[in-house]
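S.K.: Take a look at the letters that make up each chain.
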Amino acid sequence: MRARVLIRPKAGILDPQGQAVERALPALGFSGVSGVHIGRLVELDVEDPSQLPAMCERLLANPLIEDYEIIESL
Amino acid sequence: MKFGVIRFPGTCDDVDALLAAQRVGEAEILWHRDRDLKGVDAVVIPGGFSYGDYLRTGAIARFAPVMESVIEFAHAGGLVLGICNGFQILCEAGLLPGALLINDNLRFVFRQVLLDVADHDTPFTRNCPPTLSIPVKHTTGRYYAPEPVQVVLRYAPGQNPNGSQDDIAGVVNNAGNVFGLMPHPEHAVDALTGSDDGLTIFESIRAAVSERVPVA
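Residue numbers (the numbering used here), protein chains in the order written: chain A, 1 to 74; chain B, 75 to 290.
Source of the hints: derived by calculation from the structure; they are not laboratory data. No residue lacks a Cβ here, since even glycine has one placed at the ideal position from N, Cα and C. Please note: incorrect hints may appear among the correct ones.
Stated by the list, open to error - These stretches of chain B come out as covered by chain A in the derived footprint (C-beta under 8 Å, 3 or more residues):
1) 121-135
2) 149-163
3) 176-182
With the rest of the complex left out, here is chain B:
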């Protein structure tokens, strides 16, 4: 299978996401001005500061040419993974419910956190163990949604780094094919750097794609 990793001006985790995806399949970078998704089976929107995160995090990136194709791809059932800034972009684009607000302590947090997998019945978590150790690094990660949402990941008790509602760390859309999370699975793909739990998310996607009818 092939992953497409989107690169906006200001994206900084694209290479780590590319290398993580290449541990389980093929992967290539998709440029923000291109509309062609190059036939990828899954799209990864990585972390960073797209378009400088001016106005609000993800607010400008959401209107990039490549996002028109990603929105079409998602509506057709394609798998989309948004990490950190990618999660913020997916919320701004309306592909995921809710919004990310500035951390309750106003600080940039950068630490390893434990996550409870609240839902294994998704294409993104089917191969995950019950608990994941993955780093977070963000200032705008306090998830908020006025309506009930499908929670996939929660910060383990006492681990919430940002004050998010109900300890939410990651959610899927109603259709179950768009996933956003604040922690960085692409930074946890080798035991040498603390944990390889993040790899299980990429492995889940590969397993899900291998069973799926390809998206037109």
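Just chain A, with the same shape it has in the complex:
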């Protein structure tokens, strides 16, 4: 099965990458943008999708600083 894992910085933790992009957009003429956050996307083929949460907890994300969301069956 093809699955997708979205990994985001946890709310409340400073996200300087998101801030930098948020500041760059107005410079290109895009206004009214806020709350920009940068995360990671992992796509993978997996035989047993029930293992996905453990994969996220142990390697794909660091649960201390990141939230993850698993999207199965693309």
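Starting from the known structure of chain A, arrange chain B on it as the hints suggest.
M.R.: Chain B only, in chain A's frame:
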């Protein structure tokens, strides 16, 4: 006493760490695929970019064969020093609390910093003066921990290069035998290159080991 300095693919400060350790004792390199710690009294995980730091800094190195032995060694009370990437690996391995995030200014910082020793009652800082002048060089050094931690080193006022929580530069685990720090004591071991304050951390370890019952 003997130090073991771990070398992963992508490690780059292993030779400096080895030479620093050899100023106070014996030292040898431990290869990442080996599980044998060769009877060392203390383990140093040096700086660099282990396994390319893919995914997150230290995330892959944490699963190297040698780390299984290091985790066992640490749980048995052995002294473990993690410098920069080594600190990141120890956090990923769960041997130290917290995590290292990208610097608040998104830039690679490389400069000499002043550090206040917040805790002299550790095997790593017992011989340290109150303030240390040691270089930092990193992009991912912003320490964060959601729970209170045992702080050993803080950046002196106005010196924080990365936006770390409470100016934290180095922490120990609850048992006090695992120490991680972002600054590089192994690059500050000779006055010729600016400072030899880093040597006091290696000297502290030697002093602590000489008084200890050996770890089985």
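S.K.: Taking the hints in turn, state whether each one holds.
M.R.: Against the structure, the hints:
1. 121-135: Holds: 3 residues of the region 121-135 of chain B have a Cβ under 8 Å from chain A.
2. 149-163: With 0 residues close enough to chain A, the hint is violated.
3. 176-182: holds (count 5)
Going through the hint list in order, the structure does not satisfy hint 2, though it satisfies all others.
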